[in-house]
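Assembly of the complex is requested from the two constituent chains, each provided in isolation within its own frame, with the hints serving as guidance.
Here the protein sequences come in this chain order: X and P. Read in the numbering used here, the first sequence has 57 at position 57, and its numbers run on one by one without any break. Residues are numbered in the numbering used here as their position in the second sequence, beginning at 1, plus a constant of 1000.
The hints are simulated quantities; they were obtained by calculation from the structure and are not laboratory data. Note that the structure is a prediction, hence the values are computed from the model and not measured. Any given hint might turn out to be false.
Now the stretches of chain X that chain P is said to cover, found in silico as 3 or more residues with beta-carbon under 8 Å [as the list claims (entries may be wrong)]:
1) 8–16
2) 22–33
Below, a sample of chain P positions facing chain X; criterion: calculated Cβ distance under 7 Å [claimed, not checked]:
3) H1397
4) T1401
5) A1405
Below, a sample of chain P positions facing chain X; criterion: calculated Cβ distance under 8 Å [as the list claims (entries may be wrong)]:
6) A1393
7) L1403
8) N1404
9) I1407
10) G1408
11) V1412
12) M1417
13) R1840
Just so you know, even glycine gets a beta-carbon here, dropped at the ideal spot from N, CA and C.
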Amino acid sequence: MTDPALVLIIEDNARNLKLARDILNHAGYDTLEAENAEDGLELARARQPGLVLMDVQLPGMDGVQALGRLRADPATAGIPVIALTAFAMKADRERFIAAGFDRYMEKPLDIRELPRQVAATLSDGGTER
Amino acid sequence: MDPAALSQSSRTEVEALVARLTADLADATEQQTVTSDVLQAIGRSASELQPVFETVVRHAVRLCGADAGMVYQLEGDVYQVAVSLGGSAEYRRYLEQHPVPRGPGTLVGLVGLERRAVQIADAAEDPRYRWREARELGGFRTMLGVPMLADDRVVGVIALWRSHVDPFDDRTLELVTTFAAQGVIAIRNVQLFQELEQRGKQLSASVDELRALGEVSRAVSSSLDLDEVLTTIVTRAAELSGADGGSIFEFEPSTAEFALRTCTGTSEALVETLHQIRIGLDETFIGHAAATGEVRQAPDLDAQPRDPHVDSLRRHGWRSMVAVPLRREDEIIGALIVRRKVPGALPEETVRLLETLASQSAVAIHNARVFHQLEQKTRELEVASQHKSDFLASMSHELRTPLNAVIGFSDVLLDRMFGDLNERQDEYVRDIRNSGRHLLELINEILDLSKVEAGQMELDLDAVSLTDLIDHGVAMVRGRAVGHGISLTCDVDPELGTAHADELKLKQVIVNLLSNAVKFTPDGGAVTATARRVGSEAQVSVRDTGIGIAPAEQDRIFEAFQRGGRAARTSTEGTGLGLTLSKRIVDLHGGRLWMESEPGVGSTFSFSIPLVPASAAAADSPAEPVDATGSILVVDDDRRSADLLRVYLEDAGYAVSVARDGIEGLELAGRLHPEAVILDILLPRLNGWDLLAQLKSDPATSDIPVVIVSMTDEQGAGFALGATDYLVKPVDRARLLDALSRCAPPQGERRTLVAIDDDPVDLDLLEAVLAPEGWRVVRATGGEAGVRAVRKERPAVVVLDLLMPDVDGFAVVEQLRADPFVGDVPVVVLTSKEMTAADRERLAGQISFLAQKGTFPQAELVRLVGRVAGSRLPGVGAT
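Next up, chain P with everything else stripped away, as it sits in the complex (with noise of 0.2 Å):
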């Protein structure tokens, strides 16, 4: 510009340029100072906002000629003021306890929904601001509000207002807008830092976790793996010691030597040599350390007395090493070796860190060992365990398949199957059988008792009767009793209950300690089986008279093949494991077995079991018939024995006639029809099991019920001929009535029958044709219902039907069967399903007879019920 033509009003021009130009340069350095200022408030304090926030609003007011400036921050739906300058001190307090909401009507609001900054010219005055309040408080007129936005969110707003109405200029605002963006800045480091701090937590609570975890894991168990914690605790030892490397040796007891399990900063060809050489116990740096329990430092390697370890080390450039002893108590375990590549010692703390870490190796190390033994032994064990089994089952197999031969030949013989013996060879025949019927009890009670061991006994529980096991037994060795002039007493107690039981296992037990007591007492001596309720379990007792045990001998009774001295009668009798397999029954049915003896007195073995509570078993217990007036005919020729009978059966309600021989058996129960026949076997003039031939094939009389009551147990004879009950003398009352019950019902009752049916009209029809025959029908819609109406009424016969809804016939067969006070009430079958292979086989054995509905004649239903009514399960009929 050419002076000369500057005239007074370019110059008044330049020099308000100037003014402008050095004024926007003020500005510019002030904007920079402040913005310096801001940013070091920033850098100063990364976590926390508020000292960021005084500077801006500081600045922001002072440079923008406000009278008061405020810094808000969104806190959920509400922005809160988080820094305030100028205004009353009450406005301020105002301003903290009112939070602004978030929509229209004050300014911050405003800035939030629009994203921008947003001018109130006059509060008082724009419908925009509806404040009043604060406006009132504050006594605001112009107001200016810049939105803090991160990534397009508003976070935060910058308020300025003046008390006057002089609007904000748009430098003013462009300065606003750079503060917010510093604000932004801030708000982001503290965000960053805070969630830095919240990851260092976490991670520093799952550190502290696993490493809680580890200790816990090192102490209880040691499915870690051992060589990854020797590892870390080696590396570890290492780091924390200020060493260049290390390793962990073990101590192998029978050879007395280290082996190296790990190693940390140690080169491949050095851990290959620690591999190869050979660390004794004696004569070593390593070894020294160990069996005296102190850690041992050697500042300098090449000061050191020699062995293969300092040497190998020597040769690979490592100067000093610290050895810290591994022990378990007093047990060797290993050693923990830190190393370095220069020469010095360790400082005492070092030390002392060092020893902790050996001590949890040392626990590592014991542990990893204790559960390797323990896995080995467990495998040996189970091994060993499968190797019994097989080998228990194959003995067994192979033995019994000679046996076979023995055992069946010497039947054919004695059978007279292919012509007779002289007495001599029927004789020695008998020992044959006798020896070969031995030795395979021997074989099962060895099985059994392997079983036991093996704990693979299972027991099949189930209410049982001891009255009935007791019988069973007595009856069981009643002969042999006999034959030696034995007396046999019973004495039960009638209220003894259940006991819940695997039957045919305590059976065992029982017919054992009984035969036992016969075996071992003399000829004319005395056994007695008692049985009582004790508190709520049952104590059964078998007495004898026999030569007893000393009390030396009477701890070893239990013991397999002990016979406590004595001897028995002959010496082929029993297999020496009786007691100790019994005892191992009772056991496992929660009881207990113990002898008491006196030697030349007897001895008593007793056990006890849980019963079943009796409330549980009452709803089972067998009904006894009441004010029966039934009539029984009793064909015994011994007075005395027909004379008890009577007076049992008069007790119970019965109306008795009493026959002294075969015939006039056969004439009275001819002529009277009586509702059951008591039947001796050894009659004068015709025997019992001719009288019970012709009584079952005289179409008049084949439907009395014959219950035999013998000296002998030929219980098979008796029910293939037709018996419906099989007693041995001398008979229990109970067990007399009992049979009775199910055969005889008092007179003047009708004989109960259930129908299971789940059609109504089939059970009408049955009970049309049953009822005018005399049989009181009991009907049962469904199996459960019938299986239910079985257990009460305990009847003389169920009719059944197969395909019900609920629980089908054969579930209702199975559950019946299983029922230890009906399991032999006899069933008829009546179905229209189509029987198949599988379904006749889960039948068998189970039913009386099977007929086809609609098929099946109705009179000869009739005659079906009647016959098989009170028999026990015969075979298995077919249509």
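Isolated chain X (complex conformation) (with noise of 0.2 Å):
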């Protein structure tokens, strides 16, 4: 089972890596980090959190193959995953939205808005899976 008051960041940038940590902290998640997809992957098999909210521009492995990764994996493939992505084009946001990811936010975050959707997210991932 996984845990739905956990959340797992992956984000390389590490001051908005704690900004996200904050905003969720503040909103009463549990949060666990990771710099890089490798890293995450296996805090999300380890800890089987909730959800992942994940940065699609990673060092290495990115973000669309690391969802890839999670999605093949039997241990992780039920945990919805929300795309972070300082990307603005068009084409970018179908790709990430057709990569398979369950939500898509744009940075900057709205820091009112991640909560919402991490909580909108979950209760959609419970019934999904």
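Structure representation (structure tokens):
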């Protein structure tokens, strides 16, 4: 069973990672942090978070590849993933949605919208998976 | 033989023998003569059969003792007489007019059938012969026909006849057979000749075509391989001028030297040399010709002034040459050279021919150069454009990443997430956040502008209500206008109609014009937005009472980062790109954006945009409540404002009650249970937010739709608390009525619900459950009919099945959401489909509620439909 109160944040920019963590902690979620996809995947498998917040632009393995790995592993396949990206091109947006992210948020993050999206995704995920 | 033994009889025999031998000899000689005669005829007339056939018939008639003779040729399905000799003129004419059909009944037909010689001893008696008319005209009795056989096929017949009965002997038959064989040879020859002629014609036609094609190609494009063209030209030039070889040099302006392009009739060693030597423009034979533009002859190379080119040629045994300049207009392109191993000049005609070829070469080289340059430019542009796109994408990304932290942490602090701020801290953090947002706006606009420049901006066109867009824009800037005491008025033609436009981008334009107007208008000024229909276009104008723009600055106002010499109220407002981008966006829509201004008086920025033709828009235009008598509760403490609302509503046929404060509002709402509440926020005793929250939390009043009408734009909070609609004062009449028509239908008329399901039984069930509860259920069997019904009825709610054969429920939702007039109609999905994650994803945010058929209680459905009806899109429910 995944822990719905636990959110894994995968983000390579330390300040942005801190921002997302502070907002989510304040909204009552526990957080796990990873600065690259590989560490993130390991944490997801080991700790079974209720949701993953994933920056798409990551060093090495990028977010889209990481999503593929998560989905391919039965242990993490059911965890919903919200993509975070600073890309603003329409083509990119379509690419991320097509890649299979549950939701998509653009940076700069709206600090009130983030907890709302997380909550909504968690409640969707609960019935879907 | 012993002479003594010769008897009289044997003597007679010998004499007969000698006579026969002599006759045979004569015959043979004659035949030989005839044969040679025919063969000569064949040789003379390779292209015509007539002379050959005439010779054949003449000799055959004479040698065979016939009265008449003909040659027939098979043409298609009939034998046509080609030559005839003997008989009356009338008979011969008759034969010409009556080709002989294949098959029995005639001599020629029989020969054709049997493919061998046929003799009819007496045409009058022989049953095989049935062509009476010909026989009577010709008057013949004995007939002989011999086939002309080619590859075993009968291609013609030689016929002879006698006017009395006297069969032809074997010798005659043999003779005619020989003639027939010769006739066949002649026919074959002619066929061959004709084929050859035909081929020749085809060949010359294609040569002509090729020539024309080549010329056209050279003239219009240079996709032809230039080297191939030039090699062809120089080869032809050498051939046509009787020279032994030649070359084409191309002039390179950057080095002022000639470089060898191609050669013909030239040894490899010389080619190598010609590639290595440097031939300048001055003091060289070629250079002189090219520079003067005149043909130069060197009849004796040994007598020529020396230059590297002349020297090389001489060393390789060349004795004379002609240099023809290649020029295009005044530009030196190169030179065409033909040379010979013997001394001597070329005649004038040859030189003219060379000049023609040279001009073709010049055109070919010039075109190839232009083409090459074009290709190069295009490649460079593509690369540059790609670099630019890549750069912009990564710039946008790189800038957004730190901005995320700047804006995000500021918001966290301003939200007091981790404790309070003092006034000054609050102010500074606000400054930080606003600067961050400003920067973000700048990035977005630069990105947009670049997309327009690169032709990458796509418009998402749809029917767009300009009235709504202007309302939205006014709402966006109202706060700032109010803060500076600027009056903001709206004058929109109610008949304006809809535009075919990209809603988001057009919204951007309107907001930009309005916020510029507010920004550049001094405190206490006025900004007016007007929209009019002008012909088939809408014309939207924003007028301000600002300082205006000097005529000299007006031209540059649409350029990036130009403020027309105006000082914005605060330096951080605006990006300086808004107008530039707005103009580009309007241009993309096929409209126009322009300005008029008078310094000290104010400016008017206007744009025009094509409208959807009225007939097309009519089907979609919102229906206003007519003769409605629903009851509406207005809660507003400002008497003037409340009176205005009352006038609007009563005009439209609603019964109106007014409450002056929050407590009274709550009481009246509970007692009257109105069709809708129009609620101000700033109220005495109980403010609008609290009133709204209490209404929604009380089951007795929670189903009453609430439309907020407020000075402040806090839509988000309004919808979050359950408001149906949010309008910013001053309220536009049409918008108010439109909002009400969604949630409070006129009294006495039941609320409309469109049920879309392909199963009539399920529709029956829905109707049975909902009709007694006061719903007018409009049934639509299938998705397509459903979308139509929703557009027509504009119902309070839609109940939708997902699995339908024609247009399924997903598509129905997509079509509805894309429609500006029914895009926010609440949809309850009632389905028996097993929902997958992808299904839910498709519907996420698009529908109000998702319920499973069969398991969902009917009473709950009634309640749900009542709750959802008239609301806008709330969050997605799940069961």
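Contradicted hints - numbers only
none
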